[in-house]
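Engineer: If you read the sequence shown in my numbering, its first letter stands for residue 1128, the second for the next number, and so on.
Source of the hints: derived by calculation from the structure; they are not laboratory data.
Honestly, I wouldn't trust all of these hints.
Unchecked claim - Simulated crosslink set (SDA-like; lysine to any residue; CA at most 20 Å straight-line): (1) 1170 <-> 1204; (2) 1170 <-> 1136; (3) 1170 <-> 1148; (4) 1178 <-> 1214; (5) 1178 <-> 1217; (6) 1170 <-> 1152; (7) 1178 <-> 1221; (8) 1170 <-> 1158; (9) 1178 <-> 1157; (10) 1178 <-> 1224; (11) 1170 <-> 1202; (12) 1170 <-> 1197; (13) 1170 <-> 1201; (14) 1178 <-> 1199; (15) 1178 <-> 1216; (16) 1178 <-> 1220; (17) 1178 <-> 1200; (18) 1178 <-> 1164; (19) 1170 <-> 1149; (20) 1170 <-> 1200; (21) 1178 <-> 1159.
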Amino acid sequence: MNLQVCMDESGNWGDCDTDSVFVIAGFISTAERWQAFADAWIKAGLARDLKMAKAMLTASKGKKNICNVVTSLVVTHVMGRVECAVDLQAYRRYARSEEHTSELQSLRHL
1128 MNLQVCMDES
1138 GNWGDCDTDS
1148 VFVIAGFIST
1158 AERWQAFADA
1168 WIKAGLARDL
1178 KMAKAMLTAS
1188 KGKKNICNVV
1198 TSLVVTHVMG
1208 RVECAVDLQA
1218 YRRYARSEEH
1228 TSELQSLRHL
C-alpha cells in the first residue's frame, strides 16, 4: 500500500524575529482515498483554494459552517495526521552552535 501526505506550513523559517514558531502539518491517506476526498470536496461545493481562517470567519457570521464540512471530509477519507512545530529561536541557537553547523550545512545538499 502506497501512502501520500498532503501538508501545509505556517510561519517563516527565514525570520525568527517575527515568527516564533514554524508549524507543518497534514494528513496521510492512500491515493484512492485522496481521490474520493477530492470528489467529495467538489460535490460539497468547496473552493479549491479554501483558507481555514476565511472558513472560520464565515462560520462565525452564522453562514454555512465550512469547518464542519471540511472536518467531516477529513474524518471520512484520511487515515492519519502528521504534525511538527519548531521553536524558531531555539532552532537558530542550535543551528548556530559550532558543533552542529557543519552537520546542518550538509543537510542542505540532500
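Engineer: Give a verdict on every hint.
Structural biologist: Hint-by-hint comparison with the structure:
1. 1170 <-> 1204: holds, 14 Å
2. 1170 <-> 1136: Not satisfied, since the Cα-Cα distance of roughly 26 Å exceeds 20 Å.
3. 1170 <-> 1148: The given pair, whose Cα atoms are some 35 Å apart, is violated under the 20 Å limit.
4. 1178 <-> 1214: violated, 24 Å
5. 1178 <-> 1217: Status violated; Cα separation ~29 Å.
6. 1170 <-> 1152: violated, 25 Å
7. 1178 <-> 1221: violated, 33 Å
8. 1170 <-> 1158: Holds: residue 1170 and residue 1158 sit about 18 Å apart, inside 20 Å.
9. 1178 <-> 1157: violated, 23 Å
10. 1178 <-> 1224: With a Cα-Cα distance of about 37 Å, the restraint between residue 1178 and residue 1224 is violated, given a limit of 20 Å.
11. 1170 <-> 1202: holds, 16 Å
12. 1170 <-> 1197: Holds: residue 1170 and residue 1197 sit about 12 Å apart, inside 20 Å.
13. 1170 <-> 1201: holds, 14 Å
14. 1178 <-> 1199: holds, 16 Å
15. 1178 <-> 1216: The hint is violated at about 27 Å.
16. 1178 <-> 1220: Violated. Residue 1178 to residue 1220 sits at ~33 Å, over the 20 Å cutoff.
17. 1178 <-> 1200: holds, 15 Å
18. 1178 <-> 1164: Measuring from Cα to Cα gives roughly 17 Å; hence the hint holds.
19. 1170 <-> 1149: violated, 33 Å
20. 1170 <-> 1200: holds, 11 Å
21. 1178 <-> 1159: violated, 24 Å
Hint violations for this structure: numbers 2, 3, 4, 5, 6, 7, 9, 10, 15, 16, 19 and 21, all remaining hints satisfied.
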